[in-house]
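At position 30 of the sequence shown (counting the first as 1) the number is 30 in UniProt numbering, and the numbers step up by one without a gap.
Honestly, I wouldn't trust all of these hints.
The list that follows gives simulated cross-link-like pairs (lysine-lysine, PhoX-like), each with its CA atoms no further than 25 Å apart [claimed, not checked]: (1) K78 to K60; (2) K39 to K60; (3) K60 to K103; (4) K103 to K78; (5) K38 to K69; (6) K103 to K116; (7) K103 to K69; (8) K116 to K60.
For the record, the hints were derived by calculation from the structure and aren't laboratory data.
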Amino acid sequence: MTVNMGQSSLLLNFACSARRRGFDLGNVLVFPTDVESKKLAEGLGLATYFDEHNMSTIPKGEARRYGDKIFRSMMYAKVLCVLYPLLLNYDVLFQDVDIVWYKDPMPFFQDPDDPKVAN
């Protein structure tokens, strides 16, 4: 997932909600778009990758409306945070920062005998 400071409360909500339900967040990788979000994510015990070269121009505030400059910038960040691990041949499950887990999603994707899971 990617996050900027304007979405910091959503990241905090995700991490606290997941931990309260006992989920392992060891495979969660956060792509912060600013140093403040990086520090927050790491303070929550989440792994981060901060691409200062590509992310430093993304505004720190939250989008005011759908499609505005901040919204479009965050869409670019979302593309990068999926692209980078795929280029390294990792499997990726992307989610927006405003999602919370009611059940751990990982077992669903790791069952090769489940016909709903494409190989």
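query = Are the Cα positions of K116 and K60 separated by 25 Å at most?
reply = It is violated: about 38 Å lies between the C-alpha atoms, which goes past 25 Å.
>> Check the hint pairing K38 with K69 against an upper bound of 25 Å on the C-alpha distance.
In response: Given pair K38, K69 holds - Cα atoms ~21 Å apart, limit 25 Å.
* To do: Verify the proposed pairing of K103 with K116, using a straight-line Cα cut of 25 Å.
  => holds, 17 Å
>> So if I understand the rule, the pair passes when the alpha-carbon distance is 25 Å or less; does K103 with K69 pass?
In response: Cα-Cα ~34 Å, so violated.
**Item:** Pairwise hint evaluation, K60 against K39, where the allowed Cα distance is 25 Å at most
**Value:** Cα-Cα ~14 Å, so holds.
**Prompt:** Does K103 lie within 25 Å of K60 when you go C-alpha to C-alpha?
**Reply:** violated, 31 Å
- Task: Would you mind confirming whether the straight-line C-alpha gap from K78 to K60 stays at or under 25 Å?
- Result: OK: K78 and K60 at ~15 Å, within 25 Å.
Checklist entry - Quick one, are K103 and K78 close enough, alpha carbons at most 25 Å? => result With a Cα-Cα distance of about 23 Å, the restraint between K103 and K78 holds, given a limit of 25 Å.
In summary, the numbered hints that this structure violates are 3, 7, 8.
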